[in-house]
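Asker: Residues 1 to 163 in my numbering are what the sequence shown spells out, letter by letter.
Incorrect hints may appear among the rest.
Computed beta-carbon distance windows for the label pairs [said to hold, decoys possible]:
| no. | residue 1 | residue 2 | range |
| --- | --- | --- | --- |
| 1 | A20 | Q110 | 39 to 49 angstroms |
| 2 | C21 | D108 | 31 to 41 angstroms |
| 3 | N145 | E36 | 19 to 29 angstroms |
| 4 | G13 | T149 | 10 to 20 angstroms |
| 5 | A123 | D162 | 15 to 25 angstroms |
| 6 | E95 | A20 | 11 to 21 angstroms |
| 7 | F69 | A128 | 19 to 29 angstroms |
| 8 | F121 | Q22 | 33 to 43 angstroms |
| 9 | A20 | D108 | 32 to 42 angstroms |
| 10 | A128 | D108 | 17 to 27 angstroms |
| 11 | D47 | P106 | 18 to 28 angstroms |
In short, the hints are calculated from the structure, not lab data.
Ideal Cβ positions, reconstructed from N, Cα and C, are used throughout, including at glycine.
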Amino acid sequence: MAARAVLFALDGGAAERLLACQDGDELMQLVEEIEERWDLDHLFELDKSWDALHRCFTDGDLAFDNGHFPLSHVILGGVPLHESDDYIVCYVTAEQVREVAAALEPLDGQWLCDRFSTLTFNAYQGTADAEDIAYTQAFLPGLKNFYRTAARNGRAAIFTVDQ
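From just these sequences and the hints, can you work out the full model?
Answerer: Shown next, in the form of structure tokens:
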């Protein structure tokens, strides 16, 4: 699961439409529409950092239901809406986004470095060396800003990654 990921903050209408999808095809069509809009004010590109970030925010594993809320919901948490061999979509409610934003606020690069060094990443495709840690740390400020802005605007979020 080491592909490129993007977080999108959804307004109430888009979130309702997403949750009302009847099947995977309908859901993926709507996700494609959201991606095509590419609303720079309401998205954050994680590139490949998402894997290490999720592991650091949880227990070191790459899974949907590991770790403790609210940090468990930053990347792969919330409701998995779609999982296939080539794509994942997870949904976090607007209320959960506020809690995630608050939990991320005190975290900094040093916290991430310390956390990275305490975990054993099973099946991790990164190197876990200083360069890998620095790469992952570089995404933390933008991630915090994404959730802070989404929370301030009362938006839900989806995490998407193509595999």
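Asker: Against the earlier hints, flag every one the structure doesn't satisfy and list their numbers going up.
Answerer: none
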